[in-house]
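Given next are the chains, with one letter for each unit.
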Amino acid sequence: MNLLELQRRMAQDVMRPLTSDFQMQPATADGSSTADLANTYIKPNDRLSSFERLEIYNRQYWFRVTGAVAEDFPAVGAVLGEKKFDNLVLAYLSENPSTSFTLRNLGSKLPKWLESHPEFSPRRHDLLLDIARLEWAYVEAFDGADLLPLTAADFGDLGAESQLFLQPHIQLLDLRYPVDELVLAVHRQTEPSDIMSNAVTERKQIKRARLPRMVRSQIHLAVHRYENSVYYRRVDHEAFRLLSALQGGTALGPALEVAFGESSFSPEEQAAKIQEYFAHASELGWFCKPQAG
Amino acid sequence: MPANRFNGFSDYGVGIGLRVPHYDHIFAEKPTVDWFEIISENYMVDGGRALQTLDQILDRYRVVQHGVSMYFGSSQPADREHLKRLKTLTRRTKTPWLSDHLCWGSVDGRYTHDLLPMPYTFEAVKATAARIREVQDYLEIPIAVENVSSYAEFHESQMTEWEFLNEVVEAADCGILLDVNNIYVSSQNHSFNPFDYVNSVPAERVAQIHIAGHSKFEKFILDTHDHPVLDPVWDLYARAIERVGPTATLLEWDDNIPSFDEVHSEALKATRYLTPAQSQKPVEEYAGEVVHQ
Chain A
1 MNLLELQRRM
11 AQDVMRPLTS
21 DFQMQPATAD
31 GSSTADLANT
41 YIKPNDRLSS
51 FERLEIYNRQ
61 YWFRVTGAVA
71 EDFPAVGAVL
81 GEKKFDNLVL
91 AYLSENPSTS
101 FTLRNLGSKL
111 PKWLESHPEF
121 SPRRHDLLLD
131 IARLEWAYVE
141 AFDGADLLPL
151 TAADFGDLGA
161 ESQLFLQPHI
171 QLLDLRYPVD
181 ELVLAVHRQT
191 EPSDIMSNAV
201 TERKQIKRAR
211 LPRMVRSQIH
221 LAVHRYENSV
231 YYRRVDHEAF
241 RLLSALQGGT
251 ALGPALEVAF
261 GESSFSPEEQ
271 AAKIQEYFAH
281 ASELGWFCKP
291 QAG
Chain B
1 MPANRFNGFS
11 DYGVGIGLRV
21 PHYDHIFAEK
31 PTVDWFEIIS
41 ENYMVDGGRA
51 LQTLDQILDR
61 YRVVQHGVSM
71 YFGSSQPADR
81 EHLKRLKTLT
91 RRTKTPWLSD
101 HLCWGSVDGR
111 YTHDLLPMPY
121 TFEAVKATAA
131 RIREVQDYLE
141 IPIAVENVSS
151 YAEFHESQMT
161 EWEFLNEVVE
171 AADCGILLDV
181 NNIYVSSQNH
191 SFNPFDYVNS
201 VPAERVAQIH
211 IAGHSKFEKF
221 ILDTHDHPVL
231 DPVWDLYARA
241 IERVGPTATL
251 LEWDDNIPSF
261 DEVHSEALKA
271 TRYLTPAQSQ
281 KPVEEYAGEV
291 VHQ
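Chains A and B, in that order, are what the protein sequence lines are.
Per my numbering: the first sequence = residues 1 to 293.
Per my numbering: the second sequence = residues 1 to 293.
The reader is advised that the hints may include incorrect statements.
[Stated by the list, open to error] Taking lysine-lysine and the DSSO-like style, the derived pairs with C-alpha atoms no more than 27 Å apart in a straight line are: (1) A:K43 - B:K219; (2) B:K84 - B:K94; (3) A:K43 - A:K84; (4) B:K84 - B:K126; (5) A:K289 - B:K87; (6) B:K30 - B:K94; (7) A:K109 - B:K84; (8) B:K84 - A:K289; (9) B:K126 - A:K43; (10) A:K43 - B:K216; (11) B:K30 - B:K84.
Simulated from the structure, these hints should not be mistaken for lab results.
All chains, full assembly: derive it from the sequences and hints.
What follows is the structure, given as structure tokens:
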């Protein structure tokens, strides 16, 4: 077995899902004995079989990756409960193993993946999706880039054809439930930690949190960072459409048309709204100069 | 001996890992600390609090970067995005040397986020040394490779772990981050004399030393970094300092992290060995004596 063959063999064994009681599977999907496979490349010693030595790494892998996803989605975990959340994370990671050097990106595909997996909470699927989207938006807003904001002079030069850039950390969400309240309630009970360390990982238990009752009610959120804290700012429908259009690369004039195209505001009310949006956005430094390169 | 080309001719003393639970204490009390080691991956982000905190630390303290996902032993090419971000960070921290592990952890673009053991083969020596050289050339700073704790050995191995380490660092012309706790953990898991390991390391290449705590289970020891340093590890440390001379030393404490003062006091116990060594000439060559615990 050469180096690449050995690494492929071991990675496959280490990343194979555990049994429901967190042990290494006795057989692979095609029915091969895991113990026989382990014997082909791992030496036993006087205390542990090849299977048991490999199992240490198999368990470490799953404790580490499931712990990392759980840390990014504590509110999803709080709503689902430990058992269902474990199943969700296991299924997600089995289909979406890490392709990045950092654990920070491990949960990036979870909100999209969850859209086609209502089986974890059929009756609360929409609620769960909204929570997952907001929790991932928090991660993006927490350490996204913060570019130089536009100055008053820059604003003076703007015209209908101007393109306005939003800070990369700003995440815009159209949600069916007011999950900002629920996510805040859970995050307040979560201690911050480093993303990565080089110690082995123990299996972490989900903390139980008191959750506010959720009633369906559409909200629009701008998840953003200000002075290095992440905030969930509710914005009205028109502001959401305007910001989304600008974030999508639409020039200022057409973006305003998109924002107010369906609204019943009078031209005077629209002008007042636009002034209000831009005052808030410039105060928070939301508009920025484009990223170099 | 302590200041050598593998640690940028620096003369650092006793450091501790920079960890989130200690931030408030460090900024409020501004304790005197020789240096902090950071996990590079926690700061390879685009913006936000982590980088702001790092900049504040850099204003006052010396920082050395330690990585957990370069995977020098992986048989496929290094991730260019990873290298690019790492280089950006080294420019920010001005780290005099950079360390990562003598292990593998990714294959075919999938990451295990674990420090998986190497098969000690000549093929692996060649591949690993080539990758270390590639990273060292790209980053333009000295690299020190750290021996890992391991729980498995391979049938394919053609040499001992310390022979493998020596072959790799000679071929790559790089430094060593000698983790004496990892040597102890592996010695118990694989039944070898840890002093044979310490006595075989090329002293002139040791850039830094790690000390840490571990956890003992019925049939094996895990490298948990959640305890004070145990006596057998101090004994190995004493021997390492005797051979290498007073060398930059860092205490790793990554889980169940106690107060800053407790971690720092534990680290400063290393001065019991470092201070006397400053007035002595290090043992220049291993004469082949057997040193028992």
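Hint check:
This hinted pair checks out: K43 of chain A and K219 of chain B have alpha carbons roughly 15 Å apart, not beyond 27 Å. At most 27 Å may separate the alpha-carbon atoms for a hinted pair to count; K84 of chain B and K94 of chain B meet this at roughly 15 Å. Pair hint K43 of chain A plus K84 of chain A does not hold up; C-alpha atoms about 37 Å apart against a cutoff of 27 Å. Restraint check: the Cα-Cα separation between K84 of chain B and K126 of chain B comes to about 24 Å, which is no more than 27 Å; the hinted pair holds.
Restraint check for K289 of chain A and K87 of chain B: satisfied, since their Cα atoms lie roughly 25 Å apart, inside the 27 Å limit. Annotation: proposed proximity of K30 of chain B to K94 of chain B holds, straight-line Cα distance about 21 Å (limit 27 Å). Distance hint between K109 of chain A and K84 of chain B is fulfilled; the C-alpha atoms sit about 23 Å from each other, no more than 27 Å. Annotation: proposed proximity of K84 of chain B to K289 of chain A holds, straight-line Cα distance about 23 Å (limit 27 Å).
Taking the CA atoms of K126 of chain B and K43 of chain A, the gap is near 23 Å; set against the 27 Å cutoff, the hint holds. Taking the CA atoms of K43 of chain A and K216 of chain B, the gap is about 21 Å. The hint holds against a cut of 27 Å. For a cut-off of 27 Å, the pair hint linking K30 of chain B to K84 of chain B is broken: about 32 Å separates their Cα positions.
The structure fails to meet hints 3 and 11 from the earlier list, while all remaining hints are met.
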